[in-house]
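Asks: Let's have the full structure, built from the sequences with the hints guiding it.
Sequence lines, in order, name chains A and B. Mapped onto the working numbering, the consecutive letters of the first sequence carry residue numbers -9 to 327. Mapped onto the working numbering, the consecutive letters of the second sequence carry residue numbers 14 to 376.
These are calculated hints, taken from the structure and not from any lab test. Note that CB positions come from ideal geometry on N, CA and C, so glycine has one too. There is no bait here: all hints are sound.
Simulated restraints, written as ranges between beta carbons of each label pair:
1) Ser49/B to Leu24/A: 49 to 55 Å
2) Lys75/B to Ser86/A: 28 to 34 Å
3) His184/A to Pro150/B: 33 to 39 Å
4) Asp11/A to Thr358/B: 24 to 30 Å
5) Pro46/B to Gln23/A: 40 to 46 Å
6) Asp332/B to His184/A: 50 to 56 Å
7) Thr358/B to Ala214/A: 29 to 35 Å
8) Lys222/B to Ser296/A: 47 to 53 Å
9) Phe271/A to Lys75/B: 52 to 58 Å
10) Asp138/B to Gln267/A: 40 to 46 Å
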Amino acid sequence: MAATTMAQALNRALRDSMTADERVLVFGEDVGQLGGVFRITDGLTRDFGEDRCFDTPLAEAGIVGFALGMAMGGFKPVVEMQFDAFAYPAFEQITSHVAKMRNRTRGHLTVPMVIRVPYAGGIGGVEHHCDSSEAYYVHTPGLKVVTPATVNDAYTLLREAIDDPDPVIFMEPKKLYWSKEDIELRHIDEPLGHAAVRRHGKDATLIAYGPSVPVALQAAEAAAEEGVDLEVIDLRSLVPFDDDTVMRSVRRTGRCVVVQEASGFAGFGAEIVARIQERCFHSLAAPVIRVAGFDIPYPPPMLEHSHLPSVDRVLDAVDRLQFTDEPDHRYLTGAHS
Amino acid sequence: MSDHIATDLLPSATPVRYLAEDGTTVDGPAGYPRPSTEELREAHRRMVVGRRFDAQATALTKQGRLAVYPSSHGQEACQIAAAMVLREDDWLFPTYRDTMAMVTRGLDPVEALGLLRGDAHCGYDPNATRTAPQCTPLSTQTLHATGLAYALRRKGTDSAVLALIGDGATSEGDFHEALNFAAVFEAPVVFLVQNNGFAISVPLEKQTKAPSLAYKGVGYGVRSEQVDGNDPVAMLAVLHKAFEHARAGAPFLVEAHTYRIEAHTNADDATRYRNSDEVDRWLDADPLARLEKHLRTLGALTDEDVAAAQADGERLAADLRSRMNADPHLDPMTLFDHVYARPTTQLVEQRDLLATELKAQEG
Ligand SMILES: Cc1ncc(C[n+]2csc(CCOP(=O)(O)OP(=O)(O)O)c2C)c(N)n1
Ligand SMILES: [Mg+2]
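Replies: Right, here's the structure in full:
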């Protein structure tokens, strides 16, 4: 069996969805002849024709607003935003219209569509090409937000996103585009909203999504060598959020670290931690700790390694989970003065 | 390069006009199909009813029955022509100011006022009425109109779409992206800019240096025209032509020069930024009086016709009054409906919370 990359899995998902449903259209900037700057739409125009996969003018609000109109007209647009930060011009269309159309019209007008957003860093990209923008979308009721971390999930989640009756922000971790797995891509028919336990463990739970999942898994392997048995949850779907899988794990382990690449302040990880303490307080043996990007604009590429949550930073956080009776000195009054 | 000659796209040097302010006919440009007398009689009746509707809605704000109402008094020729040129299978994308056009199109007035009454974001079924929800984020709807127009063409229909927009909103980026997309994708869409002189308090001269808002189409390859928006004959003539053009796969931009007689909404105080002389000048250019004079000169309108139209308006106003005077029945539990196709577990939890709260209040 040949190894498949995440990029190829996404391409296959688009192909299979386009074959299965002729209402599915792919459009955006450079997605036609070129196949997208990351080649996710490679060959779609050639194989399905320009009616099914086409280039648009360079205007992100235009792409999303136009897609919404097409969805009103019965098509299922899958649009590509070229990079995370270049989706911001479309923010008004996404938050004021795409997210709200079903609700505003009391279910009469629905706009199932997928907005693909390559996101996050770790690829040596210059500024505006490495943002982790998920918090903006998860904060907007009406949107679903999913992000794959494995090759097969890239395939399955994108197929599900396209089939979904609601608009989906599909966030693709750029640094994993070239990750490979020796697998036969399988479509698992399961609605969005389920987290996956990637590694079972009993001492603490690591919660991660998208680009942070491989970091969490590596940390768990390293911890295992020191005799600490970590469970790793890959959220996959940020909205809907799988409280059940998360809480069951944390209640069992009693300890938890949340890992995200985005800046920590008011980020999605904060939501996860809040939910855990509301629901699992009496099962917790230690405060839940976040490992996140610093609260700085994404740094220049030669400095990004200092910014990104690393395996060591995750392991340090695990060390602070009060496995001994020592309190966490970092947060004691006066510790910073 | 396109083989268009730019002059094909350019608007007339002055607004297209067939009726002078005193109702006498003037020589307007050839090339626009002149509406029949029968159509003009119908336009007259609808303008009388539309104006009565508008006055009633304004009155309802004073009684606290509407949260807010942006009047289109003075813009009746635009509102009525917009509704009249649409076929049943065409789509309308209105703004907050276009309730009169929606009611003229046949929407139930109470349903049409849902947004402004405040009992719903959109009180009607957009699919059944082929009318998109009234849009408040300025100019964003022009893109939806364009996308839907393209979808309609892709499905092999000859339906077309009318997007309404104000003068101020032409400064927003989405309008420009919509013109560009419409041209590139040959979308059957007509953009009608009602230039009523103001964006709330800001006059047009602070909004743009373009000689006419209709010039904004040319740069995108969209054929454009400017028209006297208080001349119902010109409005119908130009919009009919625009739709013919759009149905053939080429979008069209129309700027209608008109005037907002009332304040921006009932909550606005227009005396802070304009004087009443200006309003009086525009009252002299009233579109309804103009059409009435014209039809009477033609011998196509009698006192009985006018009285019958006014009676239609009174009937609509009385029905609207009585139905709006009843408090709408609203169930807070519907807050959680239609956020997603199926509620998330989080929404189910929150719904249960509210149900408990409501039960406690009852008990
Ligand atoms: C994106 C956006 N910015 C600001 C507003 C607030 N606002 C509502 S109406 C309006 C003026 C619009 O003027 P115009 O486009 O000329 O339409 P008119 O109200 O005159 O019909 C403004 C600024 C808004 N609704 N949307
Ligand atoms: Mg205006």
